[in-house]
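J.: Next come the chains, spelled out residue by residue.
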Amino acid sequence: MATPHGKQEPASGYRFTLDKTDRKLIQATQSGLPLVSRPYDDIASQLGISADEVIERMQKMLQFGIIRRIAAVPNHYALGYKANGMTVWDVPDARIDELGKQIGELEFVSHCYHRPRCLPDWPYNLFAMVHAHTREEAQSKAGIIAGLLGDACSRHDVLFSTRILKKTGMRLLP
Amino acid sequence: MKQLNDLDRKIINVLQSGFPLSKEPFAEVAGQMGIDEAELISRLQHLLENKILSRFGPMYDAQKMGGAFSLVAMKVPQQDFEKVTEVVNSYSEVAHNYQRDNVFNMWFVIATETPQQIAEVNRDIEQRSGLKTYNFPKLAEYYVGLQLPV
Chain X
6 MATPHGKQEP ASGYRFTLDK TDRKLIQATQ SGLPLVSRPY DDIASQLGIS ADEVIERMQK
66 MLQFGIIRRI AAVPNHYALG YKANGMTVWD VPDARIDELG KQIGELEFVS HCYHRPRCLP
126 DWPYNLFAMV HAHTREEAQS KAGIIAGLLG DACSRHDVLF STRILKKTGM RLLP
Chain L
31 MKQLNDLDRK IINVLQSGFP LSKEPFAEVA GQMGIDEAEL ISRLQHLLEN KILSRFGPMY
91 DAQKMGGAFS LVAMKVPQQD FEKVTEVVNS YSEVAHNYQR DNVFNMWFVI ATETPQQIAE
151 VNRDIEQRSG LKTYNFPKLA EYYVGLQLPV
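As they're listed, the protein sequences go chains X and L. Position one of the first sequence corresponds to residue 6 (the numbering used here), numbered consecutively onward. Position one of the second sequence corresponds to residue 31 (the numbering used here), numbered consecutively onward.
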């Protein structure tokens with residue numbers, strides 16, 4: 006499994022196991038942090054542990070990538086990024102990790118994955134989600150990706166979302 | 031597009047990149063921005079209530095916690111689209127579902143506790159809809175996390 010760029014993967018073979026308190030902590034924070042002056046104290050009192058322990062446990066989960074980051078997530082649509090284009094590319098498997106990392110570093114790409122092809126219907130193995138204000142802007146961003154991939158890409162497509170059919174926040178399993 | 035003032039933009043841009051794990055994190059961030067803590071908290075509350083921010087807090091990687099995920103696509107005939115949407119959306123395992131302008135016109139994410147359950151949900155959807163599901167599990171991840179300038 007490739008590691009997302011910019012992140013340190015813990016030493017191989019060392020696996021972090023969540024204990025019962027970690028799971029309670031996840032449940033208490035997965036829908037968001039309390040908007041109070043001392044949010045970690047607030048969570049700590051819900052769990053019956055100290056704020057120091059909350060901070061220590063969350064730090065450890067950050068270090069192991071169980072928490073990707075603690076941050077605000079904008080609603081792209083409300084901010085005017087109305088064109089959500091899933092760009093898909095057919096590139097040689099032997100070069101996909103190298104190419105995927107390059108594409109993933111582009112500032113307008115929010116997710117970038119290697120996924121299997123499903124031949125003959127689906128020839129694409131590299132998926133990169135592009136956010137833009139308009140379809141034209143998204144297409145021009147897809148053009149930048151096409152330029153970067155050059156001859157390595159034999160064909161591509163851009164699938165725009167036309168309707169959100171369901172969007173429940175991803176709830177993690179306790 | 032909703033109206034944002036300069037302070038809102040600044041708050042969004044600062045908080046997109048991260049939030050500290052410290053005793054008084056709002057005071058820390060507000061101090062860096064040259065505003066007071068109460069103002070930061072109330073603007074943040076406003077941005078969340080107005081759905082300009084969709085979330086604020088830790089973003090967990092469920093896969094690292096032992097969960098399984100997959101992106102699944104279907105080619106749904108136009109006349110069956112609403113019916114199939116209802117079937118697919120009825121699963122609590124289906125987290126997001128988008129209609130896209132392609133022959134593969136339905137794309138959804140399944141999140142379960144184990145990889146076997148992904149296959150079970152797909153099989154069940156196929157039986158109920160009479161349509162094939164195409165499973166696209168992630169083989170490698172190159173980047174997740176967008177920080178859009180606002």
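A hint or two may mislead.
[Claimed, not checked] Computed list of lysine-lysine pairs in DSBU-like fashion (alpha-carbon distance at most 30 Å, straight line):
#1 53(L) / 29(X)
#2 105(L) / 172(X)
#3 94(L) / 168(L)
#4 40(L) / 105(L)
#5 53(L) / 81(L)
#6 25(X) / 87(X)
#7 53(L) / 171(X)
#8 94(L) / 113(L)
#9 29(X) / 105(L)
#10 172(X) / 53(L)
#11 168(L) / 171(X)
#12 29(X) / 172(X)
#13 65(X) / 106(X)
#14 53(L) / 65(X)
#15 87(X) / 106(X)
#16 65(X) / 40(L)
#17 106(X) / 53(L)
#18 81(L) / 171(X)
#19 87(X) / 29(X)
Calculated from the structure, these hints are not laboratory results. On a predicted model such as this, the values are computed, not experimentally measured, just so you know.
J.: If a hint holds in the structure, say so; if it does not, say that too.
T.: Now the hints, each set against the structure:
{"no.": "1", "hint": "53(L) / 29(X)", "verdict": "holds (20 Å)"}
{"no.": "2", "hint": "105(L) / 172(X)", "verdict": "holds (20 Å)"}
{"no.": "3", "hint": "94(L) / 168(L)", "verdict": "holds (13 Å)"}
{"no.": "4", "hint": "40(L) / 105(L)", "verdict": "violated (42 Å)"}
{"no.": "5", "hint": "53(L) / 81(L)", "verdict": "holds (27 Å)"}
{"no.": "6", "hint": "25(X) / 87(X)", "verdict": "violated (41 Å)"}
{"no.": "7", "hint": "53(L) / 171(X)", "verdict": "violated (37 Å)"}
{"no.": "8", "hint": "94(L) / 113(L)", "verdict": "violated (34 Å)"}
{"no.": "9", "hint": "29(X) / 105(L)", "verdict": "violated (40 Å)"}
{"no.": "10", "hint": "172(X) / 53(L)", "verdict": "violated (33 Å)"}
{"no.": "11", "hint": "168(L) / 171(X)", "verdict": "holds (21 Å)"}
{"no.": "12", "hint": "29(X) / 172(X)", "verdict": "holds (24 Å)"}
{"no.": "13", "hint": "65(X) / 106(X)", "verdict": "holds (26 Å)"}
{"no.": "14", "hint": "53(L) / 65(X)", "verdict": "holds (16 Å)"}
{"no.": "15", "hint": "87(X) / 106(X)", "verdict": "holds (25 Å)"}
{"no.": "16", "hint": "65(X) / 40(L)", "verdict": "holds (29 Å)"}
{"no.": "17", "hint": "106(X) / 53(L)", "verdict": "violated (36 Å)"}
{"no.": "18", "hint": "81(L) / 171(X)", "verdict": "holds (16 Å)"}
{"no.": "19", "hint": "87(X) / 29(X)", "verdict": "violated (36 Å)"}
Hint violations for this structure: numbers 4, 6, 7, 8, 9, 10, 17 and 19, all remaining hints satisfied.
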